[in-house]
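Taking the hints into account, I'd like the entire structure generated from these sequences.
These are the residues of each chain, in order.
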Amino acid sequence: MTPTENTSGKPEPTDPHDARATAGTGAHPATVESTLPVVGLLDETGARVQDSRFSPWIEDLGRQEIEEIYRSMLRARRLDEMATSLQRQGQMVLWPPLRGQEAAQVASARALGTEDYVFPSYREHAVILERGIPAEEMMTQFRGHTASSWKPSETRTQIYSLVLGAQVPHAVGYAMGITQDQKLAAEEGQNPPPEAAVLVYYGDGASTEGEVHESMVFAASYDAPVVFFVQNNQWAISVPFSTQSRVPLATRAAGYGFEGVRVDGNDPLAVLAVTRWALAEARQGRGPVMIEAETFRLGAHTTADDPTKYRRTDEEQLWAPRDPLLRTRNLLEREYGAEDVWFQGVEDETSEWIKATRAGILAGGPVDLEQRFDVVYATDHPLVAEERGWYREYQDSFVEEDNDDAADASGPRGLGREEQA
Amino acid sequence: MSDTKESTLRTTMAKALTLGMRRAMSEDRSVLLMGEDIGSLGGVYRVTEGLKADFGAHRVRDTPLGEAGIVGTAIGMAMRGYRPVCEIQFDGFTFPAFNQITTQLAKMHARTNGDVAVPVTIRIPNGGVIGSVEHHSESPEALFAHTAGLRIVTPSTPQDAYWMIQQSIACPDPVIFLEPKRRYWLKGEVNLLQPNTPDPFSAQVVREGEQLTLVAWGPLVPVAMAAAEAASQDGRSVEVVDLRSLSPVDFDTLEASVNHTGRMVIAHEAPVFGGLGGEIASRITDRCFYSLEAPVQRVGGYHLPYPPAGVEEEYVPDLDRILDAIDRAFAY
Ligand SMILES: Cc1ncc(C[n+]2csc(CCOP(=O)(O)OP(=O)(O)O)c2C)c(N)n1
Ligand SMILES: [Mg+2]
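Residue numbers (my numbering), protein chains in the order written: chain A, 15 to 435; chain B, 54 to 385.
If you're looking for bench data, these hints aren't it; they were derived computationally from the structure.
Just so it is clear, CB atoms sit at the ideal spot from N, CA and C, and this is done for glycine as well.
Hints are supplied without guarantee of correctness; some may be wrong.
Stated by the list, open to error - Away from chain A, derived, C-beta distances all over 10 Å, residues of chain B:
1. A163
2. G167
3. Y237
4. G288
5. F383
Said to hold, decoys possible - Computed beta-carbon distance windows for the label pairs:
6. G129(B) x D237(A): 34 to 42 Å
7. E47(A) x E366(B): 51 to 59 Å
8. G288(B) x S411(A): 16 to 24 Å
9. G129(B) x E47(A): 50 to 58 Å
10. R326(A) x E366(B): 48 to 56 Å
To be verified - One side only, chain B facing chain A, incomplete, derived with CB under 7 Å:
11. A121
12. V186
13. P361
14. A362
So this is what it looks like as structure tokens:
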């Protein structure tokens with residue numbers, strides 16, 4: 015074979031790991047049938063399904079809360095669309111869309127109590143909004159303006175982790191800290207600190223990383239009050255779930271010695287109920303717990319991705335009727351007689367919010383590189399101090415040259431000269 | 054068709070890598086590719102595009118999402134007689150595999166007293182200025198260079214990309230193959246009949262000069278060439294060396310150059326502190342002390358985590374910072 019372009023024209027050989035061979039089922043050919051049921055409290059038409067174990071966990075939920083869930087999901091979706099279009103306009107370096115995962119994110123975040131703590135992965139934009147973090151702030155990282163976006167100390171929400179799985183052991187350690195607080199308080203005869211739990215998010219792809227498995231062992235070993243929330247959106251970029259696992263991820267929990275629950279991730283009521291239950295278990299020392307939210311990434315992996323390269327559009331069509339917004343709308347119409355005008359009202363108020371948010375996002379600019387020298391270490395560091403000096407001196411040399419040579423329209427030497435690559 | 058038409062090809066660095074791997078896979082059935090998204094998608098940079106279609110899923114493996122797993126199982130396959138070529142998706146995601154790379158891959162040959170060779174190639178898109186988010190723009194070469202048992206190469210042209218990937222795959226030692234990701238679309242001539250050098254672990258003088266030796270590799274070679282050109286307009290004659298191999302370093306070529314020019318500037322994207330430039334400066338000072346007109350100057354990243362994209366161009370050496378380093382070398 016000559017080393018030239020591929021001209022073989024051969025059809026791609028059948029690959030059991032190729033999603034195109036298993037489209038729609040997402041199953042590994044040697045899949046072990048799981049007996050774990052998928053918890054659902056709403057069917058696709060928005061009709062309620064009773065579940066003796068989990069329905070009680072949302073008994074208090076009235077029309078107003080369901081409307082709020084709908085509103086939050088709509089905001090997340092419209093923000094996602096806006097971010098995607100901003101990226102296309104060159105205003106964002108990258109954006110990972112969450113479309114399709116609104117229920118899994120909004121409902122799980124709404125289950126959190128005031129003492130609980132969150133460790134997100136990197137696509138949990140709806141969780142971040144639910145935590146009260148302004149969208150403008152969340153976007154700075156994806157605009158390439160800041161290293162991260164919000165303050166964990168003020169939001170009880172860790173920053174995004176772009177190294178997949180790396181945040182999972184941190185969540186376990188944080189949870190170990192919660193039980194440590196309790197032990198120290200008991201030792202010193204003080205009142206026990208308030209109960210708290212940690213909720214950590216990761217994806218079906220990330221579930222393969224070794225650190226995630228080690229985290230499970232540590233969590234079990236130390237009875238850590240942590241809830242592992244895996245959003246199984248069926249894809250890790252182009253790699254289908256069948257490559258990561260033969261079994262639903264929730265079934266793995268039993269192997270580590272704790273309970274795993276599968277939940278319909280596009281059913282906000284089921285996600286809310288299961289996460290409330292799981293956090294309560296964890297807070298009361300009966301954790302850890304794993305939740306696998308079965309959902310689907312309706313959009314591209316990121317704005318740099320083209321899903322037509324690796325998945326069939328009929329798979330997207332298969333999931334379209336399970337759209338969480340559609341389902342919640344059905345519920346509101348069916349159960350509370352919500353009318354078009356109400357939905358239109360929410361849509362209008364969301365677009366107002368989007369307009370203001372968009373303006374806020376565009377108003378921001380990148381941090382100074384010099385600011386980065388301030389934050390590498392918590393205390394003074396001579397090497398950083400010296401190199402900051404180099405940086406400053408170098409920057410100042412342009413200013414001096416500018417003054418010396420104000421007539422030179424090309425400015426400081428070399429600036430404006432293109433690399434001749 | 055004339056001979057020259059068949060023997061050369063104008064293409065991008067990314068395509069040259071694809072062609073090189075296709076040829077290596079055609080010539081040796083023990084060569085196989087492993088990595089995240091390298092199959093149907095062809096890799097996030099499309100460097101493996103079309104290879105799964107040509108060679109099958111058993112030779113182009115879309116792996117589960119675990120870098121330690123990718124490198125660890127590649128080592129096992131190498132023990133069984135295969136020549137795995139692993140793709141790590143981005144430089145910043147090499148670290149989950151760092152244990153396998155440094156304690157296992159690098160040391161297997163020595164630990165088995167030379168009995169077991171592990172001819173694994175690890176391809177890593179490397180370096181910054183791609184306008185991305187954190188962990189996508191790192192330059193970790195010094196971490197690998199500090200580890201005995203690994204060879205490290207990085208091409209800066211399609212010609213070298215095409216040949217050096219094949220030479221790395223053929224090498225009985227493990228090779229860290231750093232691909233300058235911001236140059237994937239750089240076009241150039243590829244001579245399909247002959248590499249620039251039969252030994253990929255060598256440096257090359259890519260521009261001759263009289264007064265200063267400017268050393269760069271991978272993504273900074275085009276910037277170094279532009280800096281040499283700009284310096285020549287100021288009447289300074291700069292020789293540019295493309296280091297190509299970061300372990301081993303071809304000190305003979307550097308020494309010959311510095312003995313001729315009397316000055317040296319080393320530019321890299323990685324931070325200056327603990328960077329490869331320090332090792333090169335020290336050895337060249339030892340070897341060329343009496344030829345040097347000035348201390349060897351270095352220019353690179355600051356002692357900071359790689360910064361947000363909005364300010365990355367102030368962090369990574371550009372034309373002006375390299376010219377500034379050249380000025381410093383001439384100031385003595
Ligand atoms: C350690 C590590 N390896 C590789 C990557 C590159 N990468 C980013 S996202 C992604 C797929 C993640 O899939 P999943 O965990 O299912 O999350 P999803 O993207 O579906 O939300 C990959 C391979 C990374 N960010 N970190
Ligand atoms: Mg996924």
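Against the structure, the hints come out as follows:
no.: 1; hint: A163; in the structure: 25 Å, holds
no.: 2; hint: G167; in the structure: 30 Å, holds
no.: 3; hint: Y237; in the structure: 12 Å, holds
no.: 4; hint: G288; in the structure: 14 Å, holds
no.: 5; hint: F383; in the structure: 14 Å, holds
no.: 6; hint: G129(B) x D237(A): 34 to 42 Å; in the structure: 36 Å, holds
no.: 7; hint: E47(A) x E366(B): 51 to 59 Å; in the structure: 55 Å, holds
no.: 8; hint: G288(B) x S411(A): 16 to 24 Å; in the structure: 20 Å, holds
no.: 9; hint: G129(B) x E47(A): 50 to 58 Å; in the structure: 30 Å, violated
no.: 10; hint: R326(A) x E366(B): 48 to 56 Å; in the structure: 41 Å, violated
no.: 11; hint: A121; in the structure: 5 Å, holds
no.: 12; hint: V186; in the structure: 5 Å, holds
no.: 13; hint: P361; in the structure: 5 Å, holds
no.: 14; hint: A362; in the structure: 3 Å, holds
In this structure, the hints that do not hold are numbers 9, 10, in rising order.
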